[in-house]
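Residue-level listing of the chains:
Protein chains: 2
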Amino acid sequence: MSLLQSLEWRYATKKFDDSKKISAEQLDTLLKTVQLTPSSYGLQHYKILVVEDAAIREQLKEASYGQSQLTDASQVIVFAAETEINEAYVKRYIDYTAEVRQIERAQLEQFENVILGTVSHKTEDEKIAWAHKQAYIALGVLVSAASELEIDTCPMEGFDTSKFDEILGLKEKGLTSSVIVTIGYRSPDDHYSHLAKVRKTAEDLFIKI
Amino acid sequence: MSLLQSLEWRYATKKFDDSKKISAEQLDTLLKTVQLTPSSYGLQHYKILVVEDAAIREQLKEASYGQSQLTDASQVIVFAAETEINEAYVKRYIDYTAEVRQIERAQLEQFENVILGTVSHKTEDEKIAWAHKQAYIALGVLVSAASELEIDTCPMEGFDTSKFDEILGLKEKGLTSSVIVTIGYRSPDDHYSHLAKVRKTAEDLFIKI
Numbered sequence: 001m002s003l004l005q006s007l008e009w010r011y012a013t014k015k016f017d018d019s020k021k022i023s024a025e026q027l028d029t030l031l032k033t034v035q036l037t038p039s040s041y042g043l044q045h046y047k048i049l050v051v052e053d054a055a056i057r058e059q060l061k062e063a064s065y066g067q068s069q070l071t072d073a074s075q076v077i078v079f080a081a082e083t084e085i086n087e088a089y090v091k092r093y094i095d096y097t098a099e100v101r102q103i104e105r106a107q108l109e110q111f112e113n114v115i116l117g118t119v120s121h122k123t124e125d126e127k128i129a130w131a132h133k134q135a136y137i138a139l140g141v142l143v144s145a146a147s148e149l150e151i152d153t154c155p156m157e158g159f160d161t162s163k164f165d166e167i168l169g170l171k172e173k174g175l176t177s178s179v180i181v182t183i184g185y186r187s188p189d190d191h192y193s194h195l196a197k198v199r200k201t202a203e204d205l206f207i208k209i
Numbered sequence: 001m002s003l004l005q006s007l008e009w010r011y012a013t014k015k016f017d018d019s020k021k022i023s024a025e026q027l028d029t030l031l032k033t034v035q036l037t038p039s040s041y042g043l044q045h046y047k048i049l050v051v052e053d054a055a056i057r058e059q060l061k062e063a064s065y066g067q068s069q070l071t072d073a074s075q076v077i078v079f080a081a082e083t084e085i086n087e088a089y090v091k092r093y094i095d096y097t098a099e100v101r102q103i104e105r106a107q108l109e110q111f112e113n114v115i116l117g118t119v120s121h122k123t124e125d126e127k128i129a130w131a132h133k134q135a136y137i138a139l140g141v142l143v144s145a146a147s148e149l150e151i152d153t154c155p156m157e158g159f160d161t162s163k164f165d166e167i168l169g170l171k172e173k174g175l176t177s178s179v180i181v182t183i184g185y186r187s188p189d190d191h192y193s194h195l196a197k198v199r200k201t202a203e204d205l206f207i208k209i
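Chains as they are written, first to last, in my numbering: chain A, 1 to 209; chain U, 1 to 209.
These are computed hints drawn from the structure, not numbers from a lab.
Each computed EDC-like pair below joins lysine to aspartate or glutamate, with the alpha-carbon atoms no more than 20 Å apart:
hint, chain 1, residue 1, chain 2, residue 2
1, A, Lys91, U, Glu203
2, A, Lys32, U, Glu8
3, A, Lys208, U, Asp165
4, U, Lys197, A, Asp28
5, U, Lys14, U, Glu58
6, U, Lys208, A, Glu52
7, A, Lys122, U, Asp160
8, U, Lys122, A, Glu126
9, A, Lys200, U, Asp95
10, A, Lys15, A, Glu62
Chain A on its own, in the form it takes in the complex (with noise of 0.2 Å):
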């Protein structure tokens, strides 16, 4: 199927088949497709959690207002934003950088300026929106990468961000829960999977110019 046949086939499930895992080479090829994600700067302000953990899940459900697909899913991805967005941060992402394509550091101080400069002019609410966003670009690829796989999946911003956060043990990671994302596969009888999909029509959505 192409993408677009895929994303036609997904819907956000309700009901998952909690009988049903995901295989770790498909999880493998989920997470590895969802690291190429791009971000400002390639900077990725954010964690990827995969959560298993039966008894984790069942306090993250009571912190989502009890959705079921918390515990049904076969795994809930939590994005989360980094909190401490700044020099050593920048320096460590730049080393890491020069690593990677095997050049002086130097060559990068430029790049690694520009990058200072538009940390710096941020304040530190600013930086976690910023984060909070390029976790978003995730979640778009996340969607499209499981849809290509025929896994399920339900983004979801319906739950306490704090106690996540605290359930988790972010805070003390530097994170803040962003979105979550629960996959799997559907149950049958979720009547959510048989409803017309709504969408803003293309004269609605897009504007030509």
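Knowing the structure of chain A, use the given hints to seat chain U on it.
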């Protein structure tokens, strides 16, 4: 190619071949795919501008620190967040949903009230931040879909949003620019296409629980 391979192939294109245009058919497939992007409650709180006009693109280039992609790419895609997410917006969405699904509007009343509750609890700034994030999901899908079609992309945040809003008349349309993506075909002499891709290692990006 799988999406994993397509995203390995892609890179943030700095120099486009200005003689190559995306075919009408490919552009149509690309936009139809992006149209399927999921969003919070399905609201799709943004519009997508597809800019081809040369004179307008010259102005956008000036408002983007002179970056050549703005004029050399085949098209400039501007994601613009809706700034008027209010009761009227939600009502129109529910009307439209009832029409698409051919059901009584009354059946959607509970869903409408949930959305209205969410909307009423957000400040104007929070609503716009929410809309921006949805646009970033679409960016992730656009980059995925373009790569599948072997269309090059350069997502860009480095532009003056207020100038973009003015040039494109967004304020009058109840919109504000979020992020842009230039799309087209890489120039054979874009040396960035030969650089090793820098992404966090799996150990650094993923946390398994």
